[in-house]
Amino acid sequence: MSFIKVEHIRKTFKVAKRRSGVKDAIKSFFKRDYKLVQAIQDVSFSIEKGEIVGYIGPNGAGKSTTIKILSGILTPDEGKCTINGMTPWKEREKYVKKIGVVFGQRSQLWWDIPSEDTFDLLKDIYGIDELEYQKTKDELIRELNLEDIITVPVRQLSLGQRMRCEIAASLLHNPEILFLDEPTIGLDAVSKQILRDFIKRLNKEKKVTVILTTHDMSDIEALAERIILIGKGQVLYDGSLKKLKNKYGNNKYLSVTTKEGLELNHKGIISCLKTIDGYEFVIDSNLINVSDFLNMVSKKVAIEDVEIDNENIDNIIVRLYKEYQI
Amino acid sequence: MKFYFSYFKLRFITGLQYRAAAYAGLATQLFFGLIFIMVYLAFYESSSGKNPMEVSELVSYLWLNQAFFSLFYMLYKDGEIFDLIKNGNIAYELVRPKKLYFIWFAKIIGQRLSAVTLRCFPVLIISFFLPKPYNMVLPIGLANFILFILTLITGTLLMTSIVTLYHVITMKTLNEKGIPQVFAAIADLLSGLVVPIPFFPHFLQVISNYLPFRYVNDLPFRIYTGNIGLQEGLFGLGIQLLWIVLIVGIGYIMTNKSLKRVVVQGG
Numbered sequence: 135m136s137f138i139k140v141e142h143i144r145k146t147f148k149v150a151k152r153r154s155g156v157k158d159a160i161k162s163f164f165k166r167d168y169k170l171v172q173a174i175q176d177v178s179f180s181i182e183k184g185e186i187v188g189y190i191g192p193n194g195a196g197k198s199t200t201i202k203i204l205s206g207i208l209t210p211d212e213g214k215c216t217i218n219g220m221t222p223w224k225e226r227e228k229y230v231k232k233i234g235v236v237f238g239q240r241s242q243l244w245w246d247i248p249s250e251d252t253f254d255l256l257k258d259i260y261g262i263d264e265l266e267y268q269k270t271k272d273e274l275i276r277e278l279n280l281e282d283i284i285t286v287p288v289r290q291l292s293l294g295q296r297m298r299c300e301i302a303a304s305l306l307h308n309p310e311i312l313f314l315d316e317p318t319i320g321l322d323a324v325s326k327q328i329l330r331d332f333i334k335r336l337n338k339e340k341k342v343t344v345i346l347t348t349h350d351m352s353d354i355e356a357l358a359e360r361i362i363l364i365g366k367g368q369v370l371y372d373g374s375l376k377k378l379k380n381k382y383g384n385n386k387y388l389s390v391t392t393k394e395g396l397e398l399n400h401k402g403i404i405s406c407l408k409t410i411d412g413y414e415f416v417i418d419s420n421l422i423n424v425s426d427f428l429n430m431v432s433k434k435v436a437i438e439d440v441e442i443d444n445e446n447i448d449n450i451i452v453r454l455y456k457e458y459q460i
Numbered sequence: 205m206k207f208y209f210s211y212f213k214l215r216f217i218t219g220l221q222y223r224a225a226a227y228a229g230l231a232t233q234l235f236f237g238l239i240f241i242m243v244y245l246a247f248y249e250s251s252s253g254k255n256p257m258e259v260s261e262l263v264s265y266l267w268l269n270q271a272f273f274s275l276f277y278m279l280y281k282d283g284e285i286f287d288l289i290k291n292g293n294i295a296y297e298l299v300r301p302k303k304l305y306f307i308w309f310a311k312i313i314g315q316r317l318s319a320v321t322l323r324c325f326p327v328l329i330i331s332f333f334l335p336k337p338y339n340m341v342l343p344i345g346l347a348n349f350i351l352f353i354l355t356l357i358t359g360t361l362l363m364t365s366i367v368t369l370y371h372v373i374t375m376k377t378l379n380e381k382g383i384p385q386v387f388a389a390i391a392d393l394l395s396g397l398v399v400p401i402p403f404f405p406h407f408l409q410v411i412s413n414y415l416p417f418r419y420v421n422d423l424p425f426r427i428y429t430g431n432i433g434l435q436e437g438l439f440g441l442g443i444q445l446l447w448i449v450l451i452v453g454i455g456y457i458m459t460n461k462s463l464k465r466v467v468v469q470g471g
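Heads up: the sequence lines are chains C and Y, in that order. Taking this note's numbering, I'd label the letters of the first sequence as residues 135 to 460. Taking this note's numbering, I'd label the letters of the second sequence as residues 205 to 471.
Source of the hints: derived by calculation from the structure; they are not laboratory data. Where is the CB? At the ideal position from N, CA and C, for every residue including glycine. Any given hint might turn out to be false.
Stated by the list, open to error - In silico EDC-like cross-links for lysine to aspartate or glutamate, where the CA-CA straight-line distance does not exceed 20 Å:
(1) Y:Lys302 to C:Glu457
(2) Y:Lys464 to C:Glu225
(3) C:Lys228 to Y:Glu297
(4) Y:Lys464 to C:Asp211
(5) Y:Lys213 to C:Glu355
(6) C:Lys165 to C:Asp211
(7) Y:Lys281 to C:Asp211
(8) Y:Lys302 to C:Glu277
(9) C:Lys377 to C:Glu397
(10) Y:Lys303 to C:Asp258
(11) Y:Lys461 to C:Glu457
(12) C:Lys157 to C:Glu141
(13) C:Lys232 to Y:Glu297
(14) C:Lys231 to Y:Glu258
(15) Y:Lys206 to C:Asp254
(16) C:Lys376 to C:Glu397
(17) Y:Lys213 to C:Glu438
(18) Y:Lys464 to C:Asp443
(19) Y:Lys213 to C:Glu182
(20) Y:Lys206 to C:Asp439
(21) Y:Lys336 to Y:Glu284
(22) C:Lys338 to C:Glu277
(23) Y:Lys461 to C:Glu277
(24) Y:Lys302 to C:Asp263
(25) C:Lys379 to C:Glu310
(26) Y:Lys461 to C:Glu212
(27) Y:Lys303 to C:Glu355
(28) C:Lys139 to C:Asp411
Claimed, not checked - The following label-pair restraints were derived from C-beta to C-beta distances:
(29) C:Ser352 to Y:Lys303: 29 to 35 Å
(30) C:Ser352 to Y:Lys461: 23 to 29 Å
(31) C:Lys377 to Y:Lys461: 35 to 41 Å
(32) Y:Leu415 to C:Ser180: 20 to 26 Å
(33) C:Lys366 to Y:Leu446: 49 to 55 Å
(34) C:Ser180 to Y:Leu450: 44 to 50 Å
(35) C:Arg276 to Y:Phe325: 40 to 46 Å
(36) C:Arg276 to Y:Lys303: 30 to 36 Å
(37) Y:Asn291 to C:Asn384: 42 to 48 Å
To be verified - Facing chain Y, from chain C, some residues (calculated, C-beta under 10 Å):
(38) Ser162
(39) Arg166
(40) Trp244
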């Protein structure tokens, strides 16, 4: 039996809609038009204890809805879900003691007072034992470098500082599962790095199962070995990131700076784009390798400069989205 | 139970953060107390008929109204709760291992107790030392005082259950204006915070007896002044408890029903 097992969940929202303008506003005052939005059509997967899973998909694909169902906030229309032997929305109060949730776009900290006060409140809400609480708190303060920032009113913190406090707040009760819904949204490179390292350590040392949604593919690259791609409310890909890269990551990007005109036609050249001071090529390295390609170019023109880029994960995702038409 | 106290503590800390608001609140209550008493005294002097309350009873009642105003007025809206319904932060309330109804109950009672703690003692102390006839007087007996404290506590619980109820209703309507606001304005009138209940015309007094609002503050205050006797006071305490059970029950069931259909706004 898997630690997390999701079977055929479906969730539909009823959304009131109307066109802009006074006339339609009045019309909708008397008779509302509703539209059914299928947030999730049919999603199934299972996750083992101790995994880190990246849950990705374009905006509106149903990522957050899934997270909210898994954390017991929303009740799906259909489907089964067993996590740690419990159904989240049925045994909500008991179940949520074992999970931590971070919504990157929301805040659980009290705005006007230092986050340490919120931590104390959470201690009483979760009924954490005093000694254990002190231990966990000290650990989190050390790991996330919070010493100086938990004594400052939350409204005076930067986004990166606040997000570190948010994560600490979600971990005070030592959860077994951590749901992260876009935890790095709006953060700078350094803050992102701190968070990623921390999540990695948490997973390794405490065997916390992590499910994370993000639009930042470097998060996924740094953290998740397994990704679940969701689009239009369905699971489109479920597997390792490596395999995805092998399948789609053989494209190389070369920009060649030259003053001369160049015309190339060879197997493996996917596209060629004229820029101000040269050309940009996309080649398939399975069909033509980079040195052969450069040889070919240098025979024809004088190369002033060359830049070679690997296919980055963002492009892979864009191609995937295109392929699945989502 | 401990987390009720934690919410109180946190709201209290937050309240202390805004010192100017606390001073301003105190000044407002003293100002209104004096104005009300002056107006009533003027009426008393010019009236020839029988007055429904003794002057000393009335003055104490008015001062108690002012001292506990921030605890008992019904138009109270918990901005934080309304915000989290509107912008979807309610998601965080739902990942806590407590029933949502009781989290809100705790938040509201914590907020109101912390607000009143900063105001009631200075108002009460100052009002005792004012010159006659503007001063507040001691309760007429120890038994009255004990019953006053008891009904004040149950009155606080009753107020919280009513206020929590219309916050729960907001989960459905998504807007705190409209019906809840009209409801709260009527509640404020019928609770005796605007005009003491004994001054109401007879039919309104009868109506107010059949509604819960009068039992929030009018009952304990009139027990304190001796306008209501011990026997009637004890009967009132029973009615308070019945209303609390009923309103908490309705709110609790409504919350659980709404949660099945909850939609988190804003993605």
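Structure-based check of each hint:
With a C-alpha separation of about 45 Å, the suggested pair lysine 302 (chain Y) and glutamate 457 (chain C) falls outside the 20 Å cut-off, and the hint is violated. This hinted pair checks out: lysine 464 (chain Y) and glutamate 225 (chain C) have alpha carbons roughly 13 Å apart, not beyond 20 Å. For the suggested pair lysine 228 (chain C) and glutamate 297 (chain Y), the alpha carbons sit about 14 Å apart, so the restraint of at most 20 Å is met. The straight-line distance between the Cα atoms of lysine 464 (chain Y) and aspartate 211 (chain C) is roughly 10 Å, inside the 20 Å bound, and the hint therefore holds.
For the hint linking lysine 213 (chain Y) to glutamate 355 (chain C), the alpha-carbon distance of about 43 Å lies beyond 20 Å, and the restraint is violated. Restraint check: the Cα-Cα separation between lysine 165 (chain C) and aspartate 211 (chain C) comes to about 26 Å, which exceeds 20 Å; the hinted pair is violated. Taken as a hint, the lysine 281 (chain Y) and aspartate 211 (chain C) pair is broken in the structure, with Cα atoms around 33 Å apart against an allowance of 20 Å. This hinted pair does not check out: lysine 302 (chain Y) and glutamate 277 (chain C) have alpha carbons roughly 29 Å apart, beyond 20 Å.
For the hint linking lysine 377 (chain C) to glutamate 397 (chain C), the alpha-carbon distance of about 34 Å lies beyond 20 Å, and the restraint is violated. The straight-line distance between the Cα atoms of lysine 303 (chain Y) and aspartate 258 (chain C) is roughly 14 Å, inside the 20 Å bound, and the hint therefore holds. Restraint check for lysine 461 (chain Y) and glutamate 457 (chain C): not satisfied, since their Cα atoms lie roughly 42 Å apart, outside the 20 Å limit. Straight-line distance between C-alpha atoms of lysine 157 (chain C) and glutamate 141 (chain C) comes to about 45 Å, which puts the hinted pair past the 20 Å bound.
Restraint check for lysine 232 (chain C) and glutamate 297 (chain Y): satisfied, since their Cα atoms lie roughly 15 Å apart, inside the 20 Å limit. Of the supplied pair hints, the one linking lysine 231 (chain C) and glutamate 258 (chain Y) is violated, its CA atoms being roughly 57 Å apart against a limit of 20 Å. Between lysine 206 (chain Y) and aspartate 254 (chain C) the alpha-carbon distance is near 11 Å, which keeps this suggested pair within the 20 Å criterion. The suggested pairing of lysine 376 (chain C) with glutamate 397 (chain C) is violated, with an alpha-carbon distance near 35 Å, which exceeds 20 Å.
For the suggested pair lysine 213 (chain Y) and glutamate 438 (chain C), the alpha carbons sit about 69 Å apart, so the restraint of at most 20 Å is broken. At roughly 50 Å between alpha-carbon atoms, lysine 464 (chain Y) and aspartate 443 (chain C) are farther apart than 20 Å, so this suggested pair is violated. Distance restraint check for lysine 213 (chain Y) and glutamate 182 (chain C): the Cα-Cα separation of roughly 41 Å exceeds the 20 Å cut-off, and the hinted pair is therefore not satisfied. Proximity of lysine 206 (chain Y) to aspartate 439 (chain C) is assessed by CA-CA distance (about 69 Å); at most 20 Å being required, the pair is judged violated.
Taking the CA atoms of lysine 336 (chain Y) and glutamate 284 (chain Y), the gap is near 42 Å; set against the 20 Å cutoff, the hint is violated. Proposed proximity of lysine 338 (chain C) and glutamate 277 (chain C) is supported: the alpha carbons are some 14 Å apart, at most 20 Å. Between lysine 461 (chain Y) and glutamate 277 (chain C) the alpha-carbon distance is near 41 Å, which puts this suggested pair outside the 20 Å criterion. Proposed proximity of lysine 302 (chain Y) and aspartate 263 (chain C) is supported: the alpha carbons are some 17 Å apart, at most 20 Å.
At most 20 Å may separate the alpha-carbon atoms for a hinted pair to count; lysine 379 (chain C) and glutamate 310 (chain C) exceed this at roughly 30 Å. Between lysine 461 (chain Y) and glutamate 212 (chain C) the alpha-carbon distance is near 18 Å, which keeps this suggested pair within the 20 Å criterion. For the given pair, lysine 303 (chain Y) sits about 38 Å from glutamate 355 (chain C) by alpha-carbon distance, which is inconsistent with the 20 Å threshold. A C-alpha spacing of about 54 Å is found between lysine 139 (chain C) and aspartate 411 (chain C), which places the hinted pair above 20 Å, so the restraint is violated.
Checked against the given bound of 29 to 35 Å, the beta carbons of serine 352 (chain C) and lysine 303 (chain Y), roughly 40 Å apart, lie outside it. Between serine 352 (chain C) and lysine 461 (chain Y), the C-beta spacing of about 44 Å breaks the proposed range 23 to 29 Å. In this structure the supplied range 35 to 41 Å is violated for lysine 377 (chain C) paired with lysine 461 (chain Y), their Cβ-Cβ distance being about 46 Å. Between leucine 415 (chain Y) and serine 180 (chain C), the C-beta spacing of about 55 Å breaks the proposed range 20 to 26 Å.
Taking 49 to 55 Å as the suggested C-beta distance range, the pair lysine 366 (chain C) and leucine 446 (chain Y) conforms, at roughly 54 Å. Evaluation of the 44 to 50 Å hint for serine 180 (chain C) and leucine 450 (chain Y) yields a pass: the beta carbon distance comes to about 46 Å. The given range of 40 to 46 Å is respected by arginine 276 (chain C) and phenylalanine 325 (chain Y), whose C-beta atoms sit roughly 42 Å from each other. At about 34 Å, the beta-carbon gap between arginine 276 (chain C) and lysine 303 (chain Y) stays in the expected band of 30 to 36 Å.
Roughly 45 Å separates the CB atoms of asparagine 291 (chain Y) and asparagine 384 (chain C), a value that falls within the hinted 42 to 48 Å. Violation of the interface hint for serine 162 (chain C) is found here, the shortest Cβ-Cβ separation to chain Y being roughly 15 Å, above the 10 Å cut-off. Because the smallest distance between the Cβ of arginine 166 (chain C) and any Cβ of chain Y comes to about 14 Å, over 10 Å, the interface hint for this residue is violated. Checking tryptophan 244 (chain C) against chain Y: minimum C-beta separation of about 6 Å stays under 10 Å; hint holds.
Checked against the numbered hints given earlier, the structure breaks hints 1, 5, 6, 7, 8, 9, 11, 12, 14, 16, 17, 18, 19, 20, 21, 23, 25, 27, 28, 29, 30, 31, 32, 38, 39 and satisfies all the rest.
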